[in-house]
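A.B. asks: So you can see what is in the structure, the chains are spelled out below.
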Amino acid sequence: MPSANLLKSLDYSVLQQCMHCGMCLPTCPTYVETKMERNSPRGRISLMRAVADGELQVSKALSDEMYYCLGCLACQTACPAGVNYAELFETARAEVEQAQVNEGMQRDFWRWLSLNVIFMRPWLLRLIGRVLRVYQSTGLEKLMRKVHFFGLMPPSLKKLEPQTPQIAAQFSDDLIWPEETPQQSKGYRVGLLTGCIQDLAFSNINRDTVDVLLANGCEVITPRSQSCCGSLHAHNGELELARELARKQIDSFDLDELDAIITNAGGCGSHLKTYGHLLHDDPFYTEKAKQWDRKVKDIHEWLVQIRFRKPTAGAGVSEVTYHESCHLCHGQKVVSQPRQILNSIPGLVFKELPESNWCCGSAGIYNITQPEQSQKLLDRKVANLRQAGAPIVATSNPGCHLQIANGLRACGSHPCHEVTQPLTLLAQAYRAESAAESAS
Amino acid sequence: MPFVNQIEATFIQSLKEILPSDRVLTSAEDIVPYSFDGTAALKQRPGAVVFPLTAEEVSDCVKLARRNNVPVVTRGSGTGLSGGSVPLAGCLVICLVKMDKLIEVDEKNLTLRAQSGVITKEIDDAAAKAGLFYPPDPGSMKISTIGGNVAENSGGLRGLKYGVTRDYVMGIEVVLPDGTLTFLGNKCVKDVAGYSMKDLFIGSEGTLGIITEVILKVLPRPKARKTMLALYDSMDAAAKTISAIIAAKIIPCTLEFLDRVTVQCVEDYAKIGLPTDVEALVLMETDGHPVVVEEEAAQMMALARANGARDVRAAADEAEGAKLAAARRNAFSALARVRPTTILEDVTVPRSELATMVAFIDSVAKKHKLQIGTFGHLGDGNLHPTFLTNERDHEEMLRIEIALEEIVDETIRLGGTVTGEHGVGLAKKAFLKRQLGEGSFELMRSIKQALDPQGLLNPGKIFDPRN
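Residue numbers (my numbering), protein chains in the order written: chain X, 15 to 454; chain V, 56 to 522.
Isolated chain X, as found in the complex (with noise of 0.2 Å):
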């Protein structure tokens, strides 16, 4: 059967909202590094144009383009004409798959491995995670990185190897209850959504994200053994899968029941929201599928939302810059609300960072595909750091998080020396309240 070309069957009205102003141009990492027309979002989509007028083929160099993409979605903030560069970006990305430009037994191996068998299994995901923390806990890393093991593996894994999360000593499921509920009730009842690499390395934050909620009143259901929200197969042109996991979410909670489901990592929230459209051609979950769009709700804009109450303590820190998730801000939009978290707590001084909405060049798993501009994009992150000189840097997704911490641990002594979380800060905040409530 002839597979179908996903752009030509795209509606064209979203290719035809781009009025080829440049407007996109400066916000886009990868054009502004090499200005070139192919390397930015106006010159990808008049690409995509020609494949779906059937002027271009699907071509290898397409797909290398489509993959150069960090998909930091900068240009759709720029954009004057309101582009729905997500979507054609993930179509895109989808048809260079489906053509099988890109062969190779390795990189199908290893795409195979991680997007059909590992991110579709949350219980196998956990048991690699549990057996990385045995690995990690016991010495058996260090011994391993003392006796320079990895010198035997191909220099583009070797590189990776350092960049492996530290596994948390705890999963979400460990840390929290199905059902928790607050002291003083404000009527709110939320779903919690746990992540998958949130779930594995900062299932801390996952914590912090319950206290704070319980601490403004919202009780919080957090279903066991979440699997991952489909972003990274969206992103990687597997947007069946992609379907799989969305149906599943959406399956895991009682949506009637529920006054918002809480994303606290940006990339999975920017995905989340657009369930509707990824679903939107499926009979039994379109309207479910609206519903959940309209109920996703990144944690910061929930909280502003609502009202958050300002604490009264402080968190412990006297300085904080932030940077800002692409797909929180460029992606959800959600711009002002982390700010006035880091404002509202006492006694700590926020900065605005440089360029704080450039991408850090962690982009999902570009970090692993593209590792030379992804290099390129963190010292500039880090340089920025550097100008802003504050100790501690928030951020609001876990691959950012990961990013940023490597870098600064890579470059030694570096103004900035801690990466965390509004959330967690704001967690900090709450529990020096109680902590001095106990003691007086």
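Derived by calculation from the structure, the hints in this document are not laboratory data. Note that the Cβ used here is the ideal one computed from N, Cα and C, for glycine as well. Hints may contain errors.
[Unchecked claim] Partial pick of chain X residues on the chain V-facing surface, computed with a CB cut under 7 Å: (1) 31; (2) 34; (3) 51; (4) 57; (5) 95.
Fit chain V to the known structure of chain X by using the hints.
C.D. replies: Only chain V this time, still in chain X's reference frame:
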């Protein structure tokens, strides 16, 4: 003989002898994105795209193109709105974005020297660091190149008080159609040595030469600025206010307006709380010495009220000013979202005829059942009637063509011009002779003929070649 994208393969080979191969693009994936600029509904795939780094390299490319009779289209960031940098099939595109060195800010002579590929905003940022000011601010200044601005003689929001790009160009380095590299002008405020040749190239849209470097005039940066917003129930009242302000010997730096359709689109899109039943929204700004700014602002507000403004507000500080300016800033974005295709026009009339022109455009929209939002520069009579349409709806596109004809005729009747700041390029070509008349039209073509007898630099832009 083998061809690559309609160019002889041997020509491509020779290009690669002049420039390293990574600065010569010929593959489909590389050149399709150079098929268009910022103009709606125009595209044409070039033969090759090259990125010179120096004026000498530009000159070498031009000489080679001339020997091989290959047309050359120069391009900066490709943000033009009249199709000036849309390629010809099989042409050579010389893209100057990598010639991006800001060479000098001369505080003693109040000049700034830069290569053509420097971004306009970076010019003003560099000036600002020295307490100086580069006033022309075209809408695309965050990405447009200074070379493109000079070649198109770009305008912006500050035309009334500060003029346009031409008023700030003191010198240019230019590659002529035969490849000769020359410098026109200098840092002298006074210079009457022969013809003012630089002026011939400003606004020549890449048809006479390729500008590779510029010397610009810069001004001391104004110390204060005040932003005001006025709402009107009639366009006439808005126009009267402007006349009254100018009669009071005040030259504001900004006098921008949005018509009713545009205000409605802005409110739909940005929800900033504007009343949607106003006929005109006017954004006013005055800048200069703080005391003068305060005095002028008070006077402007009083004049707005006296001439029938329904509501007048002033911003207390920069942040509030930005809020007031939001409606104007969002105007184009708001219009662009309404339909798939947005066609931005650029007719300009003497300031005194502005209200008449806006009413005329409104009547044309009604007559042909079209959506046209008009916004623009009240101070200098430069209007941007914006057609909201779908280029795939051929019947509607035909009606737009007729409407545009009528708008152009009325513009010319009122003593106006078909383009105030976007240039002729391909988009306004059909109207040029009508506006200029035979004599001046032929004079332009003679100049083109004299400088570029082979007709290789951006052929077919502004006017068709003779024969």
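A.B. asks: Each hint: holds or not?
C.D. replies: Results for each hint:
1. 31: Result: holds, 6 Å to nearest chain V Cβ.
2. 34: At 5 Å from the nearest chain V Cβ, residue 34 of chain X passes the 7 Å test, so the hint holds.
3. 51: It holds, given that the least Cβ distance between residue 51 of chain X and chain V is near 4 Å, below 7 Å.
4. 57: holds (3 Å)
5. 95: Where the cut-off is 7 Å and the nearest Cβ of chain V is about 4 Å from residue 95 of chain X, the hint holds.
Hint compliance for this structure: every hint is met.
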